[in-house]
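Residue numbers for the sequence shown, in full-length UniProt numbering: 1 to 191.
What the hints contain is simulated information worked out from the structure, not anything from laboratory work. Heads up, some of the hints might be wrong.
Claimed, not checked - Subject to a maximum C-alpha distance of 30 Å in a straight line, what follows is the list of computed DSBU-like cross-link-like pairs (lysine-lysine):
| id | residue 1 | residue 2 |
| --- | --- | --- |
| 1 | K161 | K188 |
| 2 | K161 | K77 |
| 3 | K77 | K188 |
| 4 | K53 | K77 |
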Amino acid sequence: MTAVRLVLLGRQGAGKGTQAVRLADHYGAPHISTGDMFRAAVAEETELGVRAKEIMDRGDLVPDEITIGIVRERLAKDDARSSGFLLDGFPRTVAQAESLEDLAAPLGGLHAVVNIDVPLDEVRERMRQRGRADDTDEAIDRRLELYERETQPLISFYEDKGLMVTVDGLGTMDEVFARLVAAIDEVKGRS
Numbered sequence: 001m002t003a004v005r006l007v008l009l010g011r012q013g014a015g016k017g018t019q020a021v022r023l024a025d026h027y028g029a030p031h032i033s034t035g036d037m038f039r040a041a042v043a044e045e046t047e048l049g050v051r052a053k054e055i056m057d058r059g060d061l062v063p064d065e066i067t068i069g070i071v072r073e074r075l076a077k078d079d080a081r082s083s084g085f086l087l088d089g090f091p092r093t094v095a096q097a098e099s100l101e102d103l104a105a106p107l108g109g110l111h112a113v114v115n116i117d118v119p120l121d122e123v124r125e126r127m128r129q130r131g132r133a134d135d136t137d138e139a140i141d142r143r144l145e146l147y148e149r150e151t152q153p154l155i156s157f158y159e160d161k162g163l164m165v166t167v168d169g170l171g172t173m174d175e176v177f178a179r180l181v182a183a184i185d186e187v188k189g190r191s
């Protein structure tokens, strides 16, 4: 199986993390979650972790330069170079997407950007139910507002490049997974 190089988009609570783990296993590619990397840094109380925690506790997103640096280091590792990658939580902005183009180019570029589409009311309820300390109503609303303002433009950016695939994120985990695999396989067959 050839390496797969994907970005997963979708509002927080859309199931990106859950589906990314399954897709990574299915395609044999590492799941690279910036959220997991930041949570680990917070738990370890690294300098970056302390800075990231302050930012995330406010419901804000970690600045591009920090996030891009972490992703650059991760994509340089052997597993991402040989087996591809599934990026979850990156890019969030057009500036990050432009940086990703440069980072992914030596690896063969992206196969697709997959948007898991789940309505706002549904993701808001899912986020409340997962019970994370940073999932207060105010932080949830702030993150969703930031997503709409900063991340939604990525859909247009990637549509213009012919890389965007939108998949319905409602239904069982298995139903959504089957839709994702079908969409990714179709895109990979074209590249």
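>> Name the hints, by number, that the structure is in violation of.
In response: none
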